[in-house]
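Asker: Chain by chain, the residues run as shown.
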Amino acid sequence: MVTRAPVETRPTTLGFSLNSFFRWLGGLNPIVQIPIIVVVFGAVVGLILLLIEYAPRPGRGYFWLRLAACFLLPVLAFMLLRPYQNAVIYVLGIAVILGAVLFWADYRSRQGAGYLFQLILFAAPATILLLVGLIYPAISTLVQSFFDKTGDNFVGLDNYIWTFTNPEGFWSVINTLIWVLLAPTFATAIGLAYAVFIDRAKGERVLKILIFMPFAISFVGAGIIWKFIYDFRQGDQIGLLNGIVTAFGGQPVTWLAAQPLVNTLLLVVVFIWSQTGLAMVILSAAIKAVPPEQMEAAELDGANAWERFRNVTVPGIRSSLIVVVTTIAIGALKIYDIVAVMTGGRNDTTVLAFEMVNQQQRFQSYGHSAALAVVLFIFVLPLIIFNVRQIRKQREIR
Amino acid sequence: MGMSQRRRLLAPVGLLAVGALALAGCAEGDSSGSGDGGTEGATVRISGGITGTEADALNQSFEQFTKDTGIKVEYTGDKGFEGNIVTKVTGGDAPDIAIVPQPGLLKTLVDTGEVQKASDAVSSNVDEYWGEDWKSYGTFDDTFYAAPMLANLKGYVWYSPAKFKEWGVEIPKTYDELLTLTQTIRDKTGAAPWCAGFASEAASGWPGTDWIEDLVLRQSGPDVYDQWVAGDVKFTDQPIKEAFDAVGEILLNPDYVNAGFGDVRSINSVAFADVAAKVADGTCPMTHQASFLSANFLTVKNAAGQTPTVAPDGDVYAFILPRVSEGELSVEGGGEFVAAFSDDEAVQKVVEYMSTPEFADARVKLGGVISANKGADPSLASSEFLTEAMKVLQDPNTTLRFDASDLMPATVGSGSFWKGMVSWIDGKPTDEVLSDIQAGYNN
Chain A
1 MVTRAPVETR PTTLGFSLNS FFRWLGGLNP IVQIPIIVVV FGAVVGLILL
51 LIEYAPRPGR GYFWLRLAAC FLLPVLAFML LRPYQNAVIY VLGIAVILGA
101 VLFWADYRSR QGAGYLFQLI LFAAPATILL LVGLIYPAIS TLVQSFFDKT
151 GDNFVGLDNY IWTFTNPEGF WSVINTLIWV LLAPTFATAI GLAYAVFIDR
201 AKGERVLKIL IFMPFAISFV GAGIIWKFIY DFRQGDQIGL LNGIVTAFGG
251 QPVTWLAAQP LVNTLLLVVV FIWSQTGLAM VILSAAIKAV PPEQMEAAEL
301 DGANAWERFR NVTVPGIRSS LIVVVTTIAI GALKIYDIVA VMTGGRNDTT
351 VLAFEMVNQQ QRFQSYGHSA ALAVVLFIFV LPLIIFNVRQ IRKQREIR
Chain B
1 MGMSQRRRLL APVGLLAVGA LALAGCAEGD SSGSGDGGTE GATVRISGGI
51 TGTEADALNQ SFEQFTKDTG IKVEYTGDKG FEGNIVTKVT GGDAPDIAIV
101 PQPGLLKTLV DTGEVQKASD AVSSNVDEYW GEDWKSYGTF DDTFYAAPML
151 ANLKGYVWYS PAKFKEWGVE IPKTYDELLT LTQTIRDKTG AAPWCAGFAS
201 EAASGWPGTD WIEDLVLRQS GPDVYDQWVA GDVKFTDQPI KEAFDAVGEI
251 LLNPDYVNAG FGDVRSINSV AFADVAAKVA DGTCPMTHQA SFLSANFLTV
301 KNAAGQTPTV APDGDVYAFI LPRVSEGELS VEGGGEFVAA FSDDEAVQKV
351 VEYMSTPEFA DARVKLGGVI SANKGADPSL ASSEFLTEAM KVLQDPNTTL
401 RFDASDLMPA TVGSGSFWKG MVSWIDGKPT DEVLSDIQAG YNN
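Read top to bottom, the protein sequences are chains A and B. Numbering-wise (the numbering used here), the first sequence opens with residue 1 and increments by one. Numbering-wise (the numbering used here), the second sequence opens with residue 1 and increments by one.
Chain B on its own, in the form it takes in the complex (with noise of 0.2 Å):
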């Protein structure tokens, strides 16, 4: 090397002081701010599985939040959050805050021992504007860890208004009526009425299980959903499969299914989310799906080469799957839940924050979203359909339930029944399916 004795020693002496200069701008752990120093410019990171535009729409909703009190707020998706946070958070990588849509998944990160209890602010927030089964998915012996944040209500029958006035068809009130009205409208076009998705990358098979526990709730009552779910009724019991035959009558009917692409099995290979193009263009006359179905209905084509019009006069629209016998309303939902991993100032009011009805009216006003909280605007909803929903959930004369996928053991919930559908719809018998869900117990 042709540099000098004293270059050669000062040259990497250099560099190095530079890179510990640059290195000293970002400290590890000042992320969440000081105890001290107030809670202004600090920043929390939110983890969670919601990614795309509805993840910048949560970055958005906290946009006053931010303005009022000085916290900065990252939320960041990732798509392999099931997957990934228990490992992170065993291995000490927590977030400040987890968007966690699973109160099964919830119990396993409580069982870590790193959820942090929630305030008392939260718990008397829920209180107010949730209500007693909402809170009692965010607790674990007794102690109360997570508030839900939005919510999506599930078992609505998409359709379109103008097909069924073509065909003077009403809409039905009971599941005999529903049925009813798929030969009619299978008599009036010689098509299949329904069309179904259950193909969801890892998740296949969900979309089935909400078909299924919309009929346990339906037929048996809440009692019984609640036994099945704390696994009390066993899936190889009469109830369950009561509803497996009832869900049956549609969808393993190839005269019924697979409207637009194919036979039963189709079912398997369409993606749950592609139905909405089909419903929108009137090829499938009727599809059952949650809510938050609206959402893709922004992206598709009416036959027209059109946006298609959500409203009850419109392309499509949605009413709930009518129940089977005579009765209260009894509907399925959906939530994720806030959990913290910290009981930093900053975090605490985050989270704080997240529980009242300004956050979810900011975010709801957003679009594409409900939100349970009874504080919450539902005419702040992006569309009438959206409104409707909100409300049903705000009712307090709704009987509501947890999706029972989500509360069962991740083994079952996410596991055997997920495959269970999956393979019924490939025709293996209903028996056996049932006993292999079940064994799912064991795994």
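The following block holds chain A by itself, in its conformation from the complex (with noise of 0.2 Å):
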């Protein structure tokens, strides 16, 4: 989401937060830093102990003190994390976790108010954050793709017509969607196929442990090994790709600039490459918690293994394959890392969520990034809604 904040007015501060106390941290010797370390850490387990302590027991005192503490601790997080980009999504996640946790204390105490009225109000400074962190970025990201790039002048849908007809723009579209359709079809077929032969595998650990091994590996660490393999250079071949070519008798090629839409197939090589081993990984477990007489009875009934895999095991991994169509799929569309790293988003293999960070960081464009944001949610919006509807359908079969 493009957000920014006011220009006149700066965040409210306490006075010191964690950026400083590291930087003050930072200044001191290394042999003080220690046993520092060890108090702040020790302060941090107290308090939470302290909550733990307190929050179970009942009494008006204590439900006062829960409520306090649901709302002074975000504030204090804030305070305290603030110089950090993210600093509303930790906070986020604090609010409601701190929430969550001290409803239940009070629920369990059974003496506070009325069941809606705590609701309310625990769930309070949770709600405000959503609205503060999530829900006012996301339609103010709307609002900002009608305006031109300083945010100053409404232009209709001019934003929204270059990202359809400017090469970048266009280019970042049709990745995109090339990325999420391409990268789960793969990552998931060759995961489960992977998954399915070496069930019940000698040394299926091994097996599985290799497949799994570049899932580990961050996304810039896979595109530079990988801008290893696509290496292009006259002479002496670095490039395994362009070895192999040469070892033929063939050119080099400039694999990473070889278009139409070959360097982009390349890059998605790279992410089914990293997503493979999830997919397995999962459906490897999946598979396993098919009840074995399915299996018998179908074997009984004359069903060779094809007819076994499609009819017992398909339908009885379903779920799991959902999930790892659609966690591999999401994760193919807010691709920024891979793009970054072996392209730069040059020759035409440019995505959304990257063009999206190039427009507003080196252009200032916030406009067209808040256009391409905007494409990118609509992009998102039917996989979420699929994802929810599945897990209702589920709970309406349980």
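Be careful, since some hints might not be right.
Chain A regions said to be covered by chain B (calculated; three or more residues, Cβ under 8 Å) [as the list claims (entries may be wrong)]:
1. 338 to 347
2. 378 to 389
Straight-line alpha carbon distances no greater than 30 Å define the calculated DSSO-like cross-link-like pairs of lysine-lysine that follow [stated by the list, open to error]:
3. K79/B - K334/A
4. K227/A - K278/B
5. K391/B - K349/B
Treat the hints as calculated values from the structure; they're not laboratory data. Where a beta carbon is used, it is the ideal one built from N, C-alpha and C, also for glycine.
Both chains are sitting in their own frames, so use the hints and assemble them into the complex.
Answerer: Shown next as structure tokens:
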């Protein structure tokens, strides 16, 4: 989401923040730093223990204590975290968890006011922060997408027209669609096939680790690794792919500049490489949960391996499949790191999330950036609706 | 829990008290000293895109200043500075001082309303030591905001003096002579005489913009150059196309590039600093790069496996890309600007110090950089080459123009222009490339 603090007013501060604390700490002798960190850690643990101690106790006084904590701690957290970009997100997390825990404690003590009253009071900080940190930026992004790059003049749908006609905007949309169609399909298919083939095989654990390892590598790391594979130069090859090409007598290819779409597909490969492990692990666990009786019954009925897979395994792991596909699809929609590290969006490889940041940070084009954010939001929306409906359906079945 | 009731209460409270004490030592906003208590002991935070050894040198250059005034200066380099600083400033987390490498970015920062006007002392320093055009790059709407800090001189052709002697060729005086020289070297060696590298992560393509800018300045003169920067001369206009054609005679000619790396297209995949190694070991006879490439020769090896000497009779040296027609010397330069976000006394003292020849001398002495400050002593520069470059910058007869792409709007200067150079090398027709770059103005 694109947010901009108003220029005239500075955010409020408590006089100190985690940032200034770390600055102060960094200036001290390393030997002195150790006890201070231990003490601060102890203080935080102590605060949590204090809340745990007092939270479940019955009594009117404790109710108000809980309520005060529910409001004050998020504010304190915000003040402490202030200079950091994502402070609102963390504070929101703190408020939601805190509110829920304290409400639960209060409800358990059963001596506070009515259930609804409690619910509203304890949910208030989290709700307010949700409004400030999520709903308000979302709406202001939508509004901003109808204004020009400086955010002063209303330009109607110009930013959206730009998104679909300007080469950068156009390719970011097309490429994002390619990413979201190919990445989940291939990652899930390969992960599923692998999970099925190694199921109950000898050395299953080792085989699983091999495929799962790339998932542990960050996208930036993966991008750098694969950049070496796609490396292009004449003379000595350090790129694996061009090494193979030249070994067969071919000319080295500038893979990451190969248009149209070849370079984008090569970037998608990196993503698939790193996500297949996730798909494999989840699906493998789901396959093991398919009742062996069903398999045996199908076998007795004379179904061959393919029929057993299609008619028993796949329906049995359907919900896991949906989780895997939607998770990877959402990951593909917001991909940024791989594109930024490997091509920097050059040669028409840009995607929505990357172009959004690019427009905002490098060009200060807030209007374009907001329009791209809205388009990205529209792309994500159906996936989320689908997911929510699936969860609801499952609840009905239970 | 086995604790007694009292200890249950006391332990966390005690911990909290200790925590509060620890936090009290680090109140936010004490970093730049208080107004009435003097500036003694204050710390001024500077942020910029300079990293590595150059960042260390920058920190060192404040040593004497800290001794004299008691003001501590902390420079922190950030590789993603250009992308982060605007967000930081609008988000209310501006550093005390920012070292901004592009006037275009400086304008964006000024537009946020957070940059402080330059003090009279800074202003008069700039009047005295830099001159009008340098002042104009830090001036917006008739208000002067930021003084220049260091500078670099663009448009050098790095070559091997020893090889030139061996081939019996001279340093060319015109662009035509340069082309003749190129053909001569080609005939004598049978290999490509030029090398170039445009790869620079997200900024890939910028070394190409320097080529074009140099040619526009030399072919069409400073007036057309200024109009081009202002957007009055379009990329699709004749002077710019001529500059592309002239550069293309070298960069798009497979006979002339890319020495040591491959064919024309390999220019895009060679990191801009990697050419230094090939020039040093003799594989690449000539490359076009700014004065700061001299720093890269400290880390590479010559053909004999030793650190190359940068001298007129050494392993590598450089001449300024010759003019196209006779006339006075026009060169292109770049530099950083010092923008202050606080009118705190200590901060203003640091900004003022950074505009003095004393600061320039202190930094230049530490090596690797030059300054356009006319009060600075060029003989302090770390090499003969840098001394020469600094003299050119300080010479009142030199027509100096700032890097055009840094002055243009970011959507062109660091957007379509960079991208255009890359696709031009990839073989896109010049006319298409030019209209693509021009389209960046509408982005």
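Asker: Can you name, in rising order, the numbers of the hints this structure does not satisfy?
Answerer: Per hint list: single violation, 2.
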